[in-house]
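S.K.: Residues per chain are reported as follows:
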Amino acid sequence: MNWRRFFPREISLRAREALYGYGFILLWVIGFLLFALIPLTETFRFSLNQVAVTATEINLDFVEWANYSRALLTDPNFIELLIGYAVETLVSVPIVLIFAMIIALFLNLKFPLKSLFRVIFFLPIVITSGPVIRELTAQGAASAPGISTIPAVVEFLTQLPRALRSPVEYLLTSFILILWFSGVQILIYLASLQKIDKSIYEAAAMDGASSWEIFWKIILPALSGVTIVNAIYTIVILSHFSENKVIRYIYDQTYDVRGGIGYASAMAFIYFGVMLAILVTVYLLLTRWGKRNTK
Amino acid sequence: MATRWYQPYIGVKNRGINPEGFHVSQIKFYIVLIPLAGLMLLPIIYIFSSAFKPPEELFAYPPPLIVTNPTMKNFNDLFSILSTSGIPVSRYLFNSILITLVTVAASIIISSAAAYALSKKQFRLKQTLFVVNNVALMFVPIAVTIPRFLIVENLNLLDTFWVHVLPVLAMPVGLFLLKQFIDGIPDEVIEAAQIDGASDLHIYWRIILPMIQPALATIAILTFQAAWNNADTSTTYINNESLRTLAFYLTTLTSTTATGADAVAGQGVAAAAALIMFVPNLIIFIFLQSQVMSTMSRSGLK
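Just so you know, the protein sequences line up as chains B and Y, in that order.
Going by our numbering, 86 is the number at position 86 of the first sequence; the sequence numbering is gapless.
Numbering-wise, our numbering comes out as the position in the second sequence, counting from 1, plus 1000.
Treat the hints with care, as some may be off.
Unchecked claim - Distance windows between CB atoms, simulated:
{"#": "1", "chain 1": "B", "residue 1": "W212", "chain 2": "Y", "residue 2": "M1072", "range": "46 to 56 Å"}
{"#": "2", "chain 1": "Y", "residue 1": "P1210", "chain 2": "B", "residue 2": "L109", "range": "23 to 33 Å"}
{"#": "3", "chain 1": "B", "residue 1": "L109", "chain 2": "Y", "residue 2": "I1045", "range": "20 to 30 Å"}
{"#": "4", "chain 1": "Y", "residue 1": "I1283", "chain 2": "B", "residue 2": "N59", "range": "40 to 50 Å"}
{"#": "5", "chain 1": "Y", "residue 1": "L1155", "chain 2": "B", "residue 2": "I196", "range": "41 to 51 Å"}
Stated by the list, open to error - Straight-line C-alpha distance at most 27 Å; calculated DSSO-like pairs for lysine-lysine:
{"#": "6", "chain 1": "B", "residue 1": "K114", "chain 2": "B", "residue 2": "K198"}
{"#": "7", "chain 1": "B", "residue 1": "K217", "chain 2": "B", "residue 2": "K198"}
{"#": "8", "chain 1": "B", "residue 1": "K291", "chain 2": "B", "residue 2": "K198"}
{"#": "9", "chain 1": "Y", "residue 1": "K1028", "chain 2": "B", "residue 2": "K110"}
{"#": "10", "chain 1": "B", "residue 1": "K110", "chain 2": "B", "residue 2": "K198"}
{"#": "11", "chain 1": "B", "residue 1": "K195", "chain 2": "B", "residue 2": "K110"}
{"#": "12", "chain 1": "B", "residue 1": "K217", "chain 2": "Y", "residue 2": "K1028"}
{"#": "13", "chain 1": "Y", "residue 1": "K1028", "chain 2": "B", "residue 2": "K195"}
{"#": "14", "chain 1": "Y", "residue 1": "K1028", "chain 2": "B", "residue 2": "K114"}
{"#": "15", "chain 1": "B", "residue 1": "K195", "chain 2": "B", "residue 2": "K114"}
{"#": "16", "chain 1": "Y", "residue 1": "K1126", "chain 2": "B", "residue 2": "K291"}
{"#": "17", "chain 1": "B", "residue 1": "K291", "chain 2": "B", "residue 2": "K195"}
{"#": "18", "chain 1": "B", "residue 1": "K195", "chain 2": "Y", "residue 2": "K1121"}
{"#": "19", "chain 1": "B", "residue 1": "K217", "chain 2": "B", "residue 2": "K114"}
{"#": "20", "chain 1": "B", "residue 1": "K217", "chain 2": "B", "residue 2": "K291"}
{"#": "21", "chain 1": "B", "residue 1": "K217", "chain 2": "B", "residue 2": "K110"}
{"#": "22", "chain 1": "B", "residue 1": "K195", "chain 2": "B", "residue 2": "K217"}
{"#": "23", "chain 1": "Y", "residue 1": "K1028", "chain 2": "B", "residue 2": "K198"}
Quick caveat, the hints were computed from the structure, so don't treat them as lab data.
Glycine is no exception: its CB is placed at the ideal position from the N, C-alpha and C atoms.
Take the sequences, apply the hints, and build the full model.
M.R.: Shown next as structure tokens:
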């Protein structure tokens, strides 16, 4: 048996590197295939079918793109929810990013009780997932609905052009909720702020740069890479938030008589497409901005 | 130089950027940070005070933030239901603790190993795998519930302990964040270790993991919450009552009473149960936050 040919004693460095690479990632790939990728393709198949679940099996009836056209063309709620979601996400992302960056800049300074503040601003991480946020939204405490009934605010809102009205109203009522989503982002910004070498600040100060100039010329370009990471993270977290209206709707339709699994799967894919479009837009805007900054 | 809360004499050291102690010019930081910190603390205060609210305060609109007449009634109601349950509550509690521990440990090891490979190793499928992960990151979990159920069924995992753990392990968000952090580690560190004769496992265990500790602690907090609060698995995959979790038990408790005649008591019980479910999250957070905060400055070459 010439087994050496298959298992040579010395393999090339590159092959060994690749082998170790696959070794480290193997477990994850198996789990990912089984519980993410295969279900995902199955869902896509469902979305092209009328799915009927009986006690013993699942019956598929191929309907091509009918589920998709139904969601996009005939469903009275879905498109509206989808547009609402897109607007809310596009409004929230810049706010989360700017808020996180400002807080991170503050927390990067030296002052007494700094570490206590760091902990407090990281705290929302235990709020936005889990029972707390469910309880809060159930009781209407996460938003401030009272704001949109104050006469001055109503006056202000009616004067806005139509297209701007709902984003601004969303902003006013859910401002606190948006801020709660920035725990991890603050942390990521803080981590990369701490990687900036202090001697750069000193050199800039020697050359006569004001702290305003230091922020625009040194800090902001250094943060442009993680800003993209933060933007992606924010969009994903906002889109998977369990109280998200589109998700609730898809969930309700899954077990609804008129909806069904096939229809819900199609909506999930459309939702996924919209989310991807938002993500790509934000990504392209930020990379262009990052390139201009580093020039 | 020891940092003091207040220094009567503000010397040269305290002028300029980064004064050591308190300086009058720092008051502006507090003016900005204290109100915002208050906003961040609101939900915690709310969840604690909710649990002690008597019914009339629970249903007041707008909901009062602080309880005015604290009562233990909600907890008494909750415990009286618990004591009449068929299966001892300690069973659910034990399941939850075990599942959470195994999930957190396993998912951290698997995601960080995968992130290390994706970030620092060279192999052909690397880019593809990362793209695929990012796509999966964007997919709504509820949409895959039914196909996932079929797979779990085919693997004969229904009604087993492992069904609680395995589907949660491949956490795309975790991998995404960890890879970004490992990308930030300079290659020189790894090369230096290789020259000193460190094996790949050694590099992973002794260099990568300690350097991404803040990210690991963050992922640990996130996974802990996902596992601890997970009631869906018990609903979907488990028929055996003694394999279900505390999160599941508490949701059934509150949802059945809320639809019944005593919906008012249900709200109170729900608030008390939410607090009980939340406290472990807070404890883990307090326990791990020092890991997140303290080691952040160490990652990098000098």
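S.K.: Just tell me: holds or violated, for the beta carbon distance of P1210/Y and L109/B against 23 to 33 Å?
M.R.: Between P1210/Y and L109/B, where Cβ atoms are some 27 Å apart, the hint holds.
S.K.: Honestly, do L1155/Y and I196/B meet the 41 to 51 Å range at C-beta?
M.R.: 48 Å, holds
S.K.: Measure nothing beyond the straight line between the CA atoms of K1028/Y and K114/B; if it is 27 Å or shorter, mark the hint as holding.
M.R.: Holds, at about 14 Å.
S.K.: Does K1028/Y sit within 27 Å of K217/B, going by the straight-line distance between their CA atoms?
M.R.: Answer holds: K217/B to K1028/Y is near 24 Å, not above 27 Å.
S.K.: Does K198/B lie within 27 Å of K110/B when you go C-alpha to C-alpha?
M.R.: 13 Å, holds
S.K.: Is the hinted pair K195/B and K1121/Y satisfied, with a Cα-Cα distance of at most 27 Å?
M.R.: 23 Å, holds
S.K.: Does K195/B sit within 27 Å of K1028/Y, going by the straight-line distance between their CA atoms?
M.R.: Holds, because 25 Å separates the two Cα atoms, which is no more than 27 Å.
S.K.: Could you grab the alpha-carbon distance between K217/B and K110/B and see if it respects the 27 Å cut-off?
M.R.: 21 Å, holds
S.K.: Does the Cβ-Cβ separation between L109/B and I1045/Y fall within 20 to 30 Å?
M.R.: 27 Å, holds
S.K.: Quick one: are W212/B and M1072/Y within 46 to 56 Å, going by C-beta?
M.R.: 55 Å, holds
S.K.: Between K1028/Y and K110/B, is the straight-line Cα distance small enough, at 27 Å or below?
M.R.: Status holds; Cα separation ~13 Å.
S.K.: Against the 27 Å threshold, does the CA-CA distance of K114/B and K198/B hold or violate the hint?
M.R.: Holds. K114/B to K198/B sits at ~18 Å (cutoff 27 Å).
Figure legend: structure checked against the earlier numbered hints; every hint is met.
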